[in-house]
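Undergrad: Below, each chain spelled out in residue letters.
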Amino acid sequence: MSDLYLDPILGWRAWKVVDGRLYSTVFGTLWPEQARLEATCGLGGRSSPGGLRGVHEAPYGACECGIYALKSQSRALAIARQVLPPARAAVGRVSLWGHVVETECGYRAQYAYLYDVQLLDGTAEESRTVRRRYAVDAQLFVSV
Amino acid sequence: MAYTERVEEDAAQIARRRAPHLADIGKPLREIEIRPVEEPVPDVLPVEEPATAPAKPVEDPEQVPA
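Listed in order, the protein sequences are those of chains A and B. Read in order, the letters of the first sequence are residues 1 to 144 in the working numbering. Read in order, the letters of the second sequence are residues 1 to 66 in the working numbering.
What the hints contain is simulated information worked out from the structure, not anything from laboratory work. Owing to the predicted nature of the structure, the values given are computational and were not obtained by experimental measurement. Treat the hints loosely; a few may be bogus.
[What the hints assert, rightly or not] Which residues of chain A face chain B? A partial, calculated answer using Cβ under 8 angstroms: (1) D3; (2) P8; (3) Q34; (4) A35; (5) G61; (6) Y68.
Positions of the beta carbon are idealized from the N, C-alpha and C atoms, including for glycine.
Construct the complete structure from the given sequences, taking the supplied hints into account.
TA: Here it is as structure tokens:
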């Protein structure tokens, strides 16, 4: 039995940025504009216990599927810097909800949407484009 | 190993090679359900913070037109 909560969790992510659109750094998934991203299992359920075949709902506890997010900004920044260059990169927080697997350093979630975005090497115009597309705060990254 | 199992195994290995972040989030701790009353998907732009604070309104009654 899972614990039940009403408030979404915030986690950190990194993205590639192309034409003001955000893509995941590993699988290149386009993050949809003003619509939630829903997780699916790309492994076809092979990690299910007992050798169960067929796609399961994501995230599944014994699998590796789900929308990933980290608990710390510094880890997200490290991933973002791996994609630079040639792609532009961004870091930011995402709201996570639905079924969520909490891990030692992050989360695997069923649903996600951007909470805010910081472009690592973009221009003010690009940050405005991201803001307009996703309807969230988007700024240039400022190191503290 | 059957062909379909090999294909699935290969897919899993490729996914792990492409996903170094798997190590970043660590081992599972617990599973939770989050059911917000309203999904946090905005459909309007957030209000932009003004670059500078707005000017303080004039409070001197002599400067307020009758």
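Undergrad: With reference to the structure, classify each hint as holding or not holding.
TA: How the hints compare with the structure:
| no. | hint | verdict |
| --- | --- | --- |
| 1 | D3 | 5 angstroms, holds |
| 2 | P8 | 5 angstroms, holds |
| 3 | Q34 | 6 angstroms, holds |
| 4 | A35 | 6 angstroms, holds |
| 5 | G61 | 6 angstroms, holds |
| 6 | Y68 | 6 angstroms, holds |
Comparing the model with each earlier hint shows no violations; every hint is respected.
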